[in-house]
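Make the full structure from the sequences, and use the hints.
Residue numbers (the numbering used here), protein chains in the order written: chain H, 24 to 368; chain Z, 24 to 368; chain A, 24 to 368; chain D, 24 to 368.
To be clear, the hints were calculated from the coordinates, so they are not data collected in a lab. Values in this document were obtained by computation on a predicted structure and should not be read as measured data. Hints should not be assumed to be uniformly reliable.
[Stated by the list, open to error] Lysine-lysine pairs mimicking DSBU-like chemistry, simulated, CA-CA at most 30 Å apart: (1) Lys51/H <-> Lys49/D; (2) Lys51/H <-> Lys73/D; (3) Lys211/A <-> Lys211/H; (4) Lys63/Z <-> Lys283/A; (5) Lys362/A <-> Lys58/Z; (6) Lys286/A <-> Lys63/Z; (7) Lys49/Z <-> Lys211/A; (8) Lys250/A <-> Lys326/D; (9) Lys362/A <-> Lys250/A; (10) Lys73/H <-> Lys211/A; (11) Lys73/H <-> Lys283/D; (12) Lys211/A <-> Lys64/H; (13) Lys326/H <-> Lys326/Z; (14) Lys286/Z <-> Lys250/Z; (15) Lys115/A <-> Lys128/A; (16) Lys51/Z <-> Lys163/Z; (17) Lys63/D <-> Lys286/H; (18) Lys73/D <-> Lys211/Z; (19) Lys73/H <-> Lys51/D; (20) Lys148/A <-> Lys115/A; (21) Lys51/H <-> Lys51/D; (22) Lys148/H <-> Lys49/H; (23) Lys128/A <-> Lys326/D; (24) Lys211/H <-> Lys186/H; (25) Lys186/D <-> Lys362/D; (26) Lys283/Z <-> Lys250/H; (27) Lys49/D <-> Lys63/D; (28) Lys141/A <-> Lys186/A; (29) Lys58/Z <-> Lys128/H; (30) Lys73/Z <-> Lys58/Z; (31) Lys51/H <-> Lys362/D.
Here's the letter readout for the chains.
4 protein chains.
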Amino acid sequence: MIRVGIFGATGYTGLELLRFLSNHSKVKVTVVTSKQFAGKKISDLFPGFKNYEYLTLVSPDSETIISEADLFFTALPHQVSMDIVPKLLEEKKKVIDLSADFRLKDVSIYEAWYGEHKAKEIIPKAVYGLPEIYENEIKKTDLVANPGCYPTTAILALAPFLKENLIDIDSIIIDAKSGVSGAGRSPKLTTHFCEANEDMKAYNVCIHRHTPEIEQELSFIAGREVKVTFVPHLIPASRGMFTTIYAHLVESITTEDAYKLIKNFYLERYFIKVLVPPNVPQIIYVRGTNECHLGVKVNERAKKIVIMAAIDNLGKGASGQAIQNMNIMLNLPEETGLKIPPLFP
Amino acid sequence: MIRVGIFGATGYTGLELLRFLSNHSKVKVTVVTSKQFAGKKISDLFPGFKNYEYLTLVSPDSETIISEADLFFTALPHQVSMDIVPKLLEEKKKVIDLSADFRLKDVSIYEAWYGEHKAKEIIPKAVYGLPEIYENEIKKTDLVANPGCYPTTAILALAPFLKENLIDIDSIIIDAKSGVSGAGRSPKLTTHFCEANEDMKAYNVCIHRHTPEIEQELSFIAGREVKVTFVPHLIPASRGMFTTIYAHLVESITTEDAYKLIKNFYLERYFIKVLVPPNVPQIIYVRGTNECHLGVKVNERAKKIVIMAAIDNLGKGASGQAIQNMNIMLNLPEETGLKIPPLFP
Amino acid sequence: MIRVGIFGATGYTGLELLRFLSNHSKVKVTVVTSKQFAGKKISDLFPGFKNYEYLTLVSPDSETIISEADLFFTALPHQVSMDIVPKLLEEKKKVIDLSADFRLKDVSIYEAWYGEHKAKEIIPKAVYGLPEIYENEIKKTDLVANPGCYPTTAILALAPFLKENLIDIDSIIIDAKSGVSGAGRSPKLTTHFCEANEDMKAYNVCIHRHTPEIEQELSFIAGREVKVTFVPHLIPASRGMFTTIYAHLVESITTEDAYKLIKNFYLERYFIKVLVPPNVPQIIYVRGTNECHLGVKVNERAKKIVIMAAIDNLGKGASGQAIQNMNIMLNLPEETGLKIPPLFP
Amino acid sequence: MIRVGIFGATGYTGLELLRFLSNHSKVKVTVVTSKQFAGKKISDLFPGFKNYEYLTLVSPDSETIISEADLFFTALPHQVSMDIVPKLLEEKKKVIDLSADFRLKDVSIYEAWYGEHKAKEIIPKAVYGLPEIYENEIKKTDLVANPGCYPTTAILALAPFLKENLIDIDSIIIDAKSGVSGAGRSPKLTTHFCEANEDMKAYNVCIHRHTPEIEQELSFIAGREVKVTFVPHLIPASRGMFTTIYAHLVESITTEDAYKLIKNFYLERYFIKVLVPPNVPQIIYVRGTNECHLGVKVNERAKKIVIMAAIDNLGKGASGQAIQNMNIMLNLPEETGLKIPPLFP
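Here it is in C-alpha cells:
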C-alpha cells in the first residue's frame with residue numbers, strides 16, 4: 024500500500040479526498056492535518072467517515088508528518104501551500120497541490136492576482152494537472168498543480184475547438200455557475216443559508232482569479248494568446264458546476280460536426296462523457312463523481328457555438344481530479360477508486 | 024372600483040396576479056376562472072388567500088363572465104388565449120394577455136414557433152407590454168401582449184446600448200437562468216423536486232420560443248435586424264431569473280460610462296434599479312416584486328460588455344408587469360399596488 | 024401618522040418589520056438603528072427596499088433617537104434590549120420588544136436560562152404579546168414582550184384544549200421544525216448553506232430557552248403547572264415553522280369535535296385559520312404572512328391528539344405579530360397593514 | 024460472481040441498488056427491468072451510470088429474465104411484487120422484495136391497509152429484513168421482505184428500550200420527517216419542485232400505511248401489543264429521514280444510562296452509530312450510506328425519553344438495507360460493498 028497524507032483534511036476538498044480514497048485499493052491514508060481540529064478524530068468530527076476511525080488529526084507543524092507518507096495532497100489555501108510544498112519535494116515526496124500556488128507559469132501574473140510568491144524556483148517543476156491534456160507530463164513529475172474548478176470546465180470544453188482552429192479566439196465567453204461549496208467551509212455572509220438559498224448572482228465579474236489560469240492554458244492549446252470574458256455565478260446548490268461557453272465560429276460547422284469533433288478528441292478518456300445532441304449535461308448526473316459531461320450546439324443563424332460542461336466542483340473540479348492525477352503519478356489506471364456512479368437523486 | 028377578471032386564476036401567474044391585486048386600491052377582482060377547479064373557492068384551494076374568500080372559480084366557458092368585469096387578464100397557455108381574447112375585445116373590454124399569442128407581429132414567425140394562429144386580425148391591435156419602452160402605446164390600447172420573462176430581462180438590459188449603437192449586433196449572447204416556477208404548475212419529470220433540486224442544466228439551447236420575441240424587439244430598438252444566441256437554464260429555486268448578457272463593444276467605453284448610460288436611460292422609471300458597479304443584481308432582492316435590477320461591467324481587455332438583469336419571473340417577468348400595464352391602461356400611476364419590498368430572506 | 028422607530032433594523036426581524044410596515048397606512052418609520060451599518064442607507068444595503076430611500080441608519084447610541092419616534096420596536100438580542108427599553112419607557116414611548124428579556128414573569132427563571140437581568144423592575148409592566156390570548160391587556164400597556172416563534176405555535180395550538188381540560192398536562196410533546204432564518208443573520212457553521220442544505224437535525228433537545236416561556240404560558244392557561252417535552256429541529260428552508268404537538272386525551276373526543284373546539288375558540292381571530300380535517304397546514308401557505316394555520320387529528324386507537332401549527336417564523340413568529348401588537352396598542356384594527364397573501368410558490 | 028437481477032430498475036430505489044452494487048466485489052447485475060423504458064440502456068437514461076453500459080432494460084414480462092440471475096431484487100410498487108415473487112421462488116431464486124407485500128404477517132391487516140393479497144401462501148416464508156434484529160432468520164430464508172423506511176428508524180430506535188421494558192408502550196409518539204424521494208419518481212403535484220421547496224407539512228396523519236408494520240415489529244420485540252401514534256412529514260430535501268421518537272419512561276434513567284443501553288444493544292453492528300450525548304444525528308452525515316445514526320436524551324423533568332434516528336431513506340431505508348440483506352443471505356460479510364462515507368456536503 025502506498026501511504027498518502029493530506030494537509031488540510033477538514034475543509035470540503037480535504038473531506039472529499041477522504042471520501043474518494045475510502046474506495047481506493049492501492050493507497051492508504053496515513054496522516055491528516057488540521058490547524059483547527061488537531062488532536063481530534065476525523066470520524067468523531069464527521070460521523071459516517073468510519074473507514075477512518077484510525078486517523079487522528081495532527082497539526083500541520085508537526086515534525087513527523089513528512090516521514091509518515093509517500094505522497095501528499097495539499098488541500099490548503101493559496102499562499103499557504105507554497106510554504107509546505109518545497110519541504111515535501113526536498114524529501115522526495117510526490118505532491119498534488121490543490122491550491123493555485125503552482126498553476127501559473129508566469130510568476131508576475133501570479134503575483135498580480137494572488138500576492139508575493141515565496142517558492143518561485145519550484146514553479147517550473149510543476150505540471151498542470153489536467154490529465155486529459157497533460158497525462159504524459161503528469162506521469163513523470165513529482166509536483167502536480169491541480170487545476171481550479173472553473174478552468175477545468177473551460178479548458179475541457181474548448182480544447183477540441185482551439186486545437187482545430189475552429190473558433191475566433193477573441194470571441195470566447197465563459198458563463199459559469201457554481202454550487203456554494205466552492206466558497207469553502209468558513210462561514211461568511213455570502214454562504215449563509217438564507218442569503219444563498221433561492222438566490223442567484225454573478226460575482227467577481229471579469230476579474231475572478233481563475234481568469235489568468237484559463238487564459239494560460241487556452242493559449243498553450245491555441246498556440247497564440249487567448250483572452251476570455253469569464254463571469255462566475257453562484258447557484259443555490261451545495262455541489263456542482265455548469266459552464267456554458269460561447270464562441271464565434273470561423274468555419275461553418277453543424278452541431279453534428281461539433282459533436283463528433285469532441286467525441287473523437289476524448290475518445291479514450293474514461294471521465295469525459297459527450298452527450299449526443301440535443302441532450303445536455305446536468306449537474307445531478309455528475310454529483311459525487313470525477314466525471315465531466317459535455318454537450319454542444321451550433322447556432323447556425325448566428326455562426327456561434329455553444330459548449331456546455333457539467334462537473335462536480337469537488338470531484339473533477341478538485342479532489343476527484345487530484346486522485347486521478349495521483350493514479351497517473353503512481354502508474355495506476357487513472358480510474359482506480361473513482362468508478363462510482365453519481366448520487367442520484 | 025374597476026372590476027377585474029382573471030382567466031386561468033389557479034396557475035402560478037394567475038395566483039401571482041391575485042397576490043399583487045390584493046394590495047391594489049383602485050380595482051377589485053370580481054371573476055376568476057379555472058377549468059380544473061370550477062366551483063371551488065380560491066381561499067379553500069390556497070389557504071392564506073383570505074382576501075379572496077368571496078371568490079368562487081367558474082368555468083372559462085361560463086356565459087356571464089364577460090359582463091362581470093371591465094378588464095381581463097388572460098393567464099392562459101398560448102393557443103388558448105387566442106380563442107378568448109377576440110370575444111373580450113368585441114365586448115369592449117380591456118385585455119392584458121399573458122400568453123405568447125399576441126406578442127409576435129409577424130404571423131408567419133408565430134406559426135413557425137407556436138402553431139396555427141386563429142385570431143390573426145387581432146395581432147396588429149396588440150401593444151407589446153414593456154412599459155419602459157412602450158408606455159405611450161400602452162396608454163391607448165385595449166390589448167396588451169404581456170412580454171415573456173426572458174425577453175423582459177434581455178430587452179431591458181440591451182435597450183440603452185442598442186439605442187446608442189454601442190454594440191456589435193451580431194455578437195449578442197444571452198445566458199439566462201430561471202427558477203422552476205417558469206415551467207408552470209403541471210407536474211412533469213423536469214419539475215419533480217428530486218430532479219430539479221441540486222441540479223442545473225440548459226434547455227432548448229438556441230431554440231427556445233422566446234428567441235423570436237427577443238429578436239423582434241431588439242430589432243425595433245436597433246432599427247436593424249438583430250439575431251441573438253439565447254440559452255435558457257433552469258436553477259434550483261422556485262422563483263427568480265438572472266440573465267447575463269454579453270456583446271462586443273464597437274466603441275471603447277468604461278464600466279462607469281456604461282453605468283451612467285443605463286442609469287440615465289431609466290432615470291424616471293420606478294421599477295428599474297441600476298446598481299453602482301461593482302455591485303451586481305441578486306434574485307433575492309427582487310423576489311416577490313415587480314422590479315428589474317441591472318448591473319454592468321466592461322471587460323476592457325476583450326472589448327466586451329457584460330450586462331446583468333435580475334427579476335422575479337412571476338413579478339416583472341409576468342404578473343407584476345401585467346398589473347403595471349393595467350395601471351397604465353387605466354391612467355393610474357404605474358406603481359399602484361406594486362410598491363412592496365422583496366421577501367428577504 | 025404615528026412615528027415608529029426600530030432598534031436593530033438590519034437583522035432578519037428588523038428587515039421584516041420594515042417589509043410589513045411598508046404597507047401600513049397609519050404609521051411611518053422615522054428612525055432605524057444599526058451598530059454595524061450606521062451611516063448607510065437601508066435601500067443601499069438591501070436593494071428593493073426603495074420605500075425607505077429616506078432612511079439612514081443611525082448608531083443605537085445616538086442621543087436623538089428617542090425623540091424621533093412615538094413607538095419603538097426593539098429587534099435586539101436578549102440582554103441588549105434590557106439596556107434600552109427602560110429609557111424608552113421613561114420617555115413615555117410605547118415599546119414592543121422582540122427579545123426574550125421581558126417575556127418571563129419569574130426573574131429567577133429568566134436568570135437561570137439567559138443570565139443576569141438588569142431591568143427587573145420593568146418586568147411586571149410587560150404584557151406577553153400574544154393577541155389571541157391577551158388582547159385586552161395589550162391594549163392598555165406601554166410594553167409588549169413579543170413572544171418567541173416556538174411558543175407562539177405551541178400556545179396557539181394547545182390553548183383550546185387546556186382551557187377545556189381535555190388533555191393530560193403531563194403528556195405534552197412539542198416537536199417543532201424551523202427554517203434557518205430563526206438562527207439570525209450572523210454567519211455560523213450551522214447556518215452555512217452547505218451544512219444546512221439537504222440536512223435536518225434536532226438541536227437543544229429538551230433544553231431550548233423557549234421551554235420556560237412555553238411552560239409559563241401553558242400553566243397560566245391551564246391554571247396549573249405544566250411541564251412539556253420540547254424538541255426544536257432545523258429544516259432546510261429559509262422561512263417557516265411547522266410544529267406538531269402530541270398529548271394524551273383525558274376524554275374521548277373525535278377529530279371532528281377537536282376541529283370544532285379550535286374553530287370556535289378562534290372564531291373571531293383574523294390571523295388564525297383552522298383547516299377542515301383531514302387537511303393539514305403547510306408552511307408555504309403562510310410564508311410572508313402573519314397567519315397561523317392549525318390542523319388537528321385524534322388518534323382514537325391510542326387516545327392521543329395531534330395538533331399541527333404552521334407559521335412564518337419571521338411573520339406570526341416575530342415581526343408580523345409585533346405589528347399586530349402595535350396595531351392593538353394604537354387602537355387600530357389588528358390586521359392593519361397585515362392583510363397580504365402568502366408568497367406562493 | 025453471483026448474478027443479480029432487478030425488477031423496477033429505473034425508480035429511485037432501483038437506481039440506488041445499481042449505485043451501491045457498482046461497488047460490490049462479489050455480485051454482478053445481469054438483468055434489469057422497466058416497463059416504461061424497456062429497450063433502452065441504463066447508461067443512456069442516466070448518464071454517469073457508466074459501470075452499467077452493458078445493461079439494456081427488458082420488459083418485466085420477458086420470459087428469460089428468471090434464468091438470467093440467481094438472486095432478485097423486486098423494487099416494485101406493492102400489489103405488483105406479489106405477482107412476480109412467487110414465480111421467482113418457484114424457480115429457487117433468492118428474493119429481496121422492497122415492496123410492502125410480504126412485510127405484514129397478518130393477511131387481514133395487509134388487506135385492510137393495502138388491498139387484496141394474491142400470494143397469501145408465501146407470506147409465512149418471508150423474513151422481515153431488519154438485519155440488526157433478524158440476522159439469523161435472514162441467513163436461512165429465500166425471501167426477505169425489506170422494511171419500509173419509517174419502520175426502520177422507529178424499530179431501531181425503540182428496540183433497546185422495549186427489550187428492557189423501560190417505556191410505557193401506550194405512550195409512543197413517532198414524529199418522522201422524510202425527504203421527497205420517498206414519494207417516488209412519478210411526477211405529482213406534491214412532489215413538484217415549487218410545491219415541496221421551502222415547504223414542510225405532515226401527511227397521512229396517524230393513518231400512514233407504515234403504521235401496522237411498525238406496530239407488528241414493536242409488538243414482537245415488546246412481547247405485547249403496541250399501538251403507536253405515527254405522524255410522517257415531508258421536508259424540502261431530496262434524500263434523508265430524521266425520526267424523533269418520544270415515550271414515557273416507566274423507570275427513572277439518565278441520558279447517560281439510555282446512551283449506554285443503546286450503545287451496548289448495537290455493539291457489534293456495523294451500520295449503527297450511537298452518538299455520545301448531547302450530540303444528535305444529522306441527515307447530512309448518512310446521505311448516500313447504509314448507516315443509521317441514533318441519539319438520545321432523557322427529559323428528566325417530564326420522565327420522557329427522546330430517541331432520534333437519521334438514515335438515508337434510499338439507503339438504510341430501502342436499497343442499502345436490501346443489499347445488506349443480500350449479503351447476509353449469501354453468507355458474505357454484511358458490509359460488503361456498503362463501506363462508503365456519506366456525500367458531505
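Verification of the hints:
Straight-line distance between C-alpha atoms of Lys51/H and Lys49/D comes to about 22 Å, which keeps the hinted pair within the 30 Å bound. With a C-alpha separation of about 26 Å, the suggested pairing of Lys51/H with Lys73/D holds against the 30 Å cut-off. Distance hint between Lys211/A and Lys211/H is fulfilled; the C-alpha atoms sit about 8 Å from each other, no more than 30 Å. Between Lys63/Z and Lys283/A, the direct Cα distance comes to roughly 22 Å. Compliance with the 30 Å bound is thereby established for this hinted pair.
Of the pairs offered as hints, the one joining Lys362/A and Lys58/Z holds, with about 28 Å between alpha carbons and a cut-off of 30 Å not exceeded. Between Lys286/A and Lys63/Z, the direct Cα distance comes to roughly 21 Å. Compliance with the 30 Å bound is thereby established for this hinted pair. Between Lys49/Z and Lys211/A the CA atoms are separated by roughly 46 Å; this puts the pair beyond 30 Å, and the hint is violated. For the given pair, Lys250/A sits about 10 Å from Lys326/D by alpha-carbon distance, which is consistent with the 30 Å threshold.
Simply put, Lys362/A and Lys250/A have alpha-carbon atoms about 35 Å apart, too far for the 30 Å limit, and the pair is violated. For the hint pairing Lys73/H with Lys211/A, the CA-to-CA distance comes to about 26 Å; that is within 30 Å, so the pair holds. As the CA atoms of Lys73/H and Lys283/D are separated by approximately 20 Å, the hinted pair is consistent with the 30 Å bound. A hinted pair counts as satisfied when its Cα atoms are at most 30 Å apart, and Lys211/A with Lys64/H qualifies at roughly 22 Å.
For the given pair, Lys326/H sits about 20 Å from Lys326/Z by alpha-carbon distance, which is consistent with the 30 Å threshold. Distance restraint check for Lys286/Z and Lys250/Z: the Cα-Cα separation of roughly 26 Å lies within the 30 Å cut-off, and the hinted pair is therefore satisfied. Pair hint Lys115/A plus Lys128/A holds up; C-alpha atoms about 22 Å apart against a cutoff of 30 Å. Proposed proximity of Lys51/Z and Lys163/Z is supported: the alpha carbons are some 22 Å apart, at most 30 Å.
Between Lys63/D and Lys286/H the CA atoms are separated by roughly 21 Å; this keeps the pair inside 30 Å, and the hint holds. As the CA atoms of Lys73/D and Lys211/Z are separated by approximately 26 Å, the hinted pair is consistent with the 30 Å bound. Using a Cα cut-off of 30 Å, the hinted pair Lys73/H and Lys51/D holds, with the two alpha carbons roughly 26 Å apart. With a C-alpha separation of about 13 Å, the suggested pairing of Lys148/A with Lys115/A holds against the 30 Å cut-off.
Under the criterion of a C-alpha separation no larger than 30 Å, the hint pairing Lys51/H with Lys51/D is consistent with the structure, at around 26 Å. Proximity of Lys148/H to Lys49/H is assessed by CA-CA distance (about 26 Å); at most 30 Å being required, the pair is judged to hold. For the proposed pair Lys128/A and Lys326/D, the alpha carbon gap of about 26 Å is at most 30 Å, so the pair holds. Distance check on the hinted pair: Lys211/H and Lys186/H sit about 41 Å apart at the alpha-carbon level, beyond 30 Å; violated.
With a CA separation close to 29 Å, the supplied pair Lys186/D and Lys362/D stays within the 30 Å bound. With a C-alpha separation of about 26 Å, the suggested pairing of Lys283/Z with Lys250/H holds against the 30 Å cut-off. Simply put, Lys49/D and Lys63/D have alpha-carbon atoms about 26 Å apart, close enough for the 30 Å limit, and the pair holds. Proposed proximity of Lys141/A and Lys186/A is contradicted: the alpha carbons are some 35 Å apart, above 30 Å.
Between Lys58/Z and Lys128/H the CA atoms are separated by roughly 65 Å; this puts the pair beyond 30 Å, and the hint is violated. Taken as a hint, the Lys73/Z and Lys58/Z pair is honoured in the structure, with Cα atoms around 21 Å apart against an allowance of 30 Å. At most 30 Å may separate the alpha-carbon atoms for a hinted pair to count; Lys51/H and Lys362/D meet this at roughly 15 Å.
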